[in-house]
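Protein chains: 2
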Amino acid sequence: MRPVSILGVGSTPFGRHAGTPIETLAARAAAEALADAGVERSEIGALYLGNFISGPLNGQEVLAGMVADRLGLPNIPCTKVEGACASGGIAFRHAALAIATGQCDAALVVGAETMTHASGAEVTAALNCAMDNGSDGASGLTFPGLFGMAWRVHAARYGTTRRQVSAVIRKNKANGLKNPLAQMGAALTDEVIEQSPPICDPLQLYDCCPVSDGAAALVLVARDRARGSPGSAPVDVLASVQTRGAARIAGHADMCSFEATVAAARQAFAQAGIGPKDIDLVELHDCFSIAEVIDSEDLGLVPRGEGAGWAAEGRTAVDGEVAVNPSGGLLAKGHPVGATGVGQIHEAVLQLRGRHPNQVRDAEIAMTHNLGGTGVACTVNILRRGDAA
Amino acid sequence: MRPVSILGVGSTPFGRHAGTPIETLAARAAAEALADAGVERSEIGALYLGNFISGPLNGQEVLAGMVADRLGLPNIPCTKVEGACASGGIAFRHAALAIATGQCDAALVVGAETMTHASGAEVTAALNCAMDNGSDGASGLTFPGLFGMAWRVHAARYGTTRRQVSAVIRKNKANGLKNPLAQMGAALTDEVIEQSPPICDPLQLYDCCPVSDGAAALVLVARDRARGSPGSAPVDVLASVQTRGAARIAGHADMCSFEATVAAARQAFAQAGIGPKDIDLVELHDCFSIAEVIDSEDLGLVPRGEGAGWAAEGRTAVDGEVAVNPSGGLLAKGHPVGATGVGQIHEAVLQLRGRHPNQVRDAEIAMTHNLGGTGVACTVNILRRGDAA
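Chains as they are written, first to last, in our numbering: chain A, 594 to 982; chain B, 594 to 982.
Among these hints, one or two may not hold up.
Unchecked claim - One-sided excerpt, in silico: chain B residues whose CB lies under 7 Å from chain A:
id	residue
1	Glu-654
2	Met-659
3	Gly-665
4	Pro-670
5	Glu-675
6	Ile-683
7	Cys-722
8	Thr-836
9	Ala-970
10	Asp-980
Claimed, not checked - Derived coverage of chain B by chain A (criterion: at least 3 residues anywhere in the stretch with Cβ under 8 Å from a Cβ of chain A; other residues may be distant):
id	region
11	915-924
12	958-969
Claimed, not checked - Label pairs and their calculated CB-CB ranges:
id	chain 1	residue 1	chain 2	residue 2	range
13	A	Glu-633	B	Arg-750	31 to 41 Å
14	B	Pro-667	A	Asp-980	35 to 45 Å
15	A	Ser-732	B	Val-785	48 to 58 Å
16	B	Ala-731	A	Gly-868	47 to 57 Å
17	A	Arg-908	B	Ala-863	50 to 60 Å
18	B	Ser-728	A	Pro-790	23 to 33 Å
19	B	Thr-613	A	Ala-714	45 to 55 Å
20	B	Met-594	A	Pro-667	18 to 28 Å
Calculated directly from the structure, the hints in this document are not laboratory data. Ideal Cβ placement from N, Cα and C applies to all residues, glycine included.
Let's have the full structure, built from the sequences with the hints guiding it.
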C-alpha cells in the first residue's frame with residue numbers, strides 16, 4: 594500500500610441551498626477542491642461520491658457520473674457509495690484505497706446531500722431508510738427515538754445529567770459561530786436549551802442536528818506526488834477504516850455503545866501506530882448531543898461514562914485535552930448526510946494546515962468519525978499534518 | 594495485483610417476488626453462493642452490494658450492512674454501490690479489486706432489486722433517477738424514448754429493419770425458455786412481436802425488458818485459494834473494467850453508440866490480453882432489443898451496423914459465431930436493476946463450468962456488460978474457465 598495524502602479541499606456552506614440542484618452543489622465543492630490542490634482534471638483517475646437519499650428526496654441517482662460530466666473529468670470509474678450517515682466516510686476510504694493500491698495517482702472524493710426542500714415528514718421518512726424497516730422501522734422507531742433510549746441508559750448507568758449533555762450543545766454551537774461554513778452556530782444558555790421544545794423525550798430541540806443541504810470535496814494523491822506539489826500543504830492519511838455493526842437495535846449488546854465505532858477506532862489506531870492520547874482534535878458524529886457523548890467514549894478519547902462530564906468540564910473544548918468538534922459538529926455545522934463525512938475531513942485538513950477559523954493550537958493529528966443507521970456502518974480516519982512526519 | 598477467481602454463485606429466480614423484502618432475497622442468493630463456494634462466513638473480508646432504487650421504491654437503504662447482519666458475517670466493510678443499471682457490475686469490480694489488491698482473500702458480491710410491488714408510474718419515476726433530470730428528464734425523456742431515438746438513427750444509417758430487430762427478441766425469448774431463472778421466456782413469432790402494443794415508437798411491447806424482482810450473488814477468492822478448494826470449479830477473472838460516458842444525451846457524439854461501452858471493451862480486451870474473436874459468449878445489457886444491437890457493436894463483437902442483421906442470420910445464437918445472451922438477457926430473464934450485472938456473471942460462470950441449461954458448446958471465455966443511465970456508467974468483465982489457463 595502506498596502512502597496517501599490530501600492535497601485539496603472544497604466545500605459549500607452547510608445550510609439552506611433550496612433551488613440549487615444537488616449535482617450543482619457537488620460540482621461546486623469539487624471544483625474548489627481541484628483548484629485548491631492545483632491538480633488538473635485530466636489527472637483524476639477515480640471519483641467516489643457519498644450520498645444517502647438523493648433518490649427518495651430528489652429522484653436523482655447516478656450522481657457520481659453526473660458530477661464527473663459537469664467537471665469535464667476523463668472517462669474514469671465514477672462510483673456512488675452509500676452507508677447512510679457514513680456514506681461520505683466510505684467514499685473517502687475508497688478513494689484512499691484506489692491510490693494506496695496503485696489504481697490511480699489522484700482521486701476525487703465528493704459528498705453531497707440536499708434535504709431542506711422536502712417537508713419534515715418526507716425528510717423523516719427518507720432518514721428512516723437508514724433503519725432496518727422490517728424490524729426497528731416497523732416498531733415505529735425513529736432516530737431521535739434511538740438516541741433518546743441511549744440517553745436514558747447512559748443516564749441510568751453513569752448518572753449523566755441534562756445539564757452535562759447541554760454542555761455538549763453549548764460547546765458545539767459556540768464553535769459553529771466561528772465557522773463560516775456552519776449552518777446554526779449560536780451562543781446558548783442552559784436555560785434556552787432546557788426550555789426548548791421536546792422532540793423525543795429526553796431529547797429537546799437543541800439536542801438534534803438541523804436538516805441541511807451541502808457538499809464537500811477532497812483531492813487525494815499519492816504522497817510522493819503531494820510532496821512535489823506547488824499547491825497547499827499536504828495532509829497525510831495515517832488510517833482509513835470502515836466497519837459494520839448490528840443492523841437492528843436488538844442486535845446491540847449495549848444501548849449506549851456502538852461496536853462498529855469501537856472496532857473501527859481500534860483498527861484505526863493500530864493502522865496509524867498511535868493511541869488516543871495522540872489525537873489533538875476529532876470531528877465526530879454528533880447527530881444528537883448524546884451521540885457525541887457515546888462516540889467520544891467509543892473512540893477511546895474519553896473514559897467510559899464520562900463523555901458528558903468532560904464536556905461540562907471544558908475538557909473537549911477547542912483548548913481542552915482533546916478538541917471535539919471544533920467545527921461545530923453536526924449540531925451546529927449541519928448534517929447534509931452524504932456530505933458530512935467529507936466535510937469533517939475538510940475541517941480536519943484546515944486544522945492541520947493551521948488555518949481553521951476555530952484553530953486547535955499546534956494541531957498535528959486529527960481523527961474523523963461517521964456512524965450510519967443504528968450503528969450498522971462506521972468509518973474512522975486518522976490524519977496527520979504533512980510536515981509532521 | 595493478485596489473480597482473482599469466482600468460486601461460488603447463487604441467485605433467486607428473476608420475476609415476481611412481491612411480499613418478499615429485498616434484504617431477504619439478497620441474503621437468500623448470498624447464502625446459496627457461500628454454500629456453492631464452500632467458503633465459511635468467517636472468511637469473507639468485504640461485501641459489496643449493487644442496488645439502484647431501493648430508496649425510492651422500498652424506503653430501505655443500508656442494504657449492504659443489513660445483508661451482512663442477516664448472514665452473520667464478521668464486522669467487515671459492507672458497501673452499497675450505485676451506478677444505475679451498472680450497479681451490479683460496479684459491485685463485482687470492487688470486490689475483485691479488494692482481493693486483487695490484497696485487502697482480503699474472499700469477498701461477497703450481491704446484487705438486488707425489488708420493483709414489481711410498485712405501480713407503473715412509480716417504477717417509471719424511479720427508473721428516471723438514472724437520467725440527468727435537470728436536462729434530459731426535464732425534457733420529458735424516458736428510457737424507452739432514448740432507445741427509440743437510437744433505433745431511428747440506426748435504421749436511417751444502416752437500414753436496420755423491424756424484422757431484423759425482432760430476431761433479437763425471438764432469440765432471447767427462446768433462450769429464456771431454457772433458463773429456469775428467467776422471468777419471461779417465450780416462443781414468439783414475428784407476427785406476435787409486430788402486433789404487440791406500441792410503447793414508444795418504434796419500440797413495441799416485446800422490445801422492452803420486464804419489470805422484475807430478484808437477487809444474485811458471487812463469492813470471489815484469491816486464485817491460489819480457488820485452486821486448492823474442494824468446492825465448485827473456479828472461474829478466473831481476466832478483466833474487470835468500469836468507465837463513464839456522457840450524463841446527458843446532448844453529450845453523446847453518436848446516438849447509436851455509447852462511448853462508455855466502447856472504452857470499457859477496449860480496456861477489458863487489453864487487460865485480458867485477448868480480442869473479440871476469443872469471446873465464446875456474452876451476457877450484455879439488452880434493456881431494449883435495440884440496446885443489444887448497439888451493445889454488440891460497441892463491444893466489438895459484431896461489425897458496426899450489423900448487430901440486428903447478425904441476430905437475423907443466427908450468428909448470435911447459442912450455436913452462432915458469438916452467443917449473445919444465452920440466458921435470455923434482460924428481455925427474457927428480467928431486469929431487477931441492481932441484480933442484473935451480478936446475475937449476468939452468475940450465468941457466465943455456469944456456462945464456463947459447462948453446466949448451463951442453455952450451454953454454449955466448449956465455452957472457455959465469456960464477457961459480461963452493463964450500461965447505466967443514458968450511457969453514464971458502464972462495466973465490462975471477461976471471465977475464463979479455470980482449467981483453461
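For each hint, the structure was consulted:
1. Glu-654: This interface hint holds because 4 Å falls under the 7 Å limit.
2. Met-659: 5 Å, holds
3. Gly-665: 10 Å, violated
4. Pro-670: Check passed: Cβ of Pro-670(B) comes within 4 Å of chain A, closer than 7 Å.
5. Glu-675: With Cβ-Cβ at 4 Å, under 7 Å, it holds.
6. Ile-683: 6 Å, holds
7. Cys-722: 4 Å, holds
8. Thr-836: Interface hint status for Thr-836(B): holds (5 Å vs cutoff 7 Å).
9. Ala-970: Holds - the Cβ of Ala-970(B) comes within 7 Å of chain A, reaching about 5 Å at its closest.
10. Asp-980: It is violated, given that the least Cβ distance between Asp-980(B) and chain A is near 29 Å, above 7 Å.
11. 915-924: violated (count 0)
12. 958-969: holds (count 3)
13. Glu-633(A) - Arg-750(B): 31 to 41 Å: Roughly 36 Å apart at Cβ, these two residues keep to the hinted range, so it holds.
14. Pro-667(B) - Asp-980(A): 35 to 45 Å: For Asp-980(A) against Pro-667(B), whose Cβ atoms are near 38 Å apart, the range 35 to 45 Å holds.
15. Ser-732(A) - Val-785(B): 48 to 58 Å: Given a distance of about 50 Å, which is inside 48 to 58 Å, the answer is holds.
16. Ala-731(B) - Gly-868(A): 47 to 57 Å: 54 Å Cβ-Cβ, so the 47 to 57 Å window holds.
17. Arg-908(A) - Ala-863(B): 50 to 60 Å: About 57 Å separates the Cβ atoms of Arg-908(A) and Ala-863(B), which means 50 to 60 Å holds.
18. Ser-728(B) - Pro-790(A): 23 to 33 Å: Cβ of Ser-728(B) to Cβ of Pro-790(A): about 42 Å, so the range 23 to 33 Å is violated.
19. Thr-613(B) - Ala-714(A): 45 to 55 Å: 27 Å, violated
20. Met-594(B) - Pro-667(A): 18 to 28 Å: 21 Å, holds
Taken one by one, the earlier hints fail for this structure at numbers 3, 10, 11, 18, 19, listed in ascending order.
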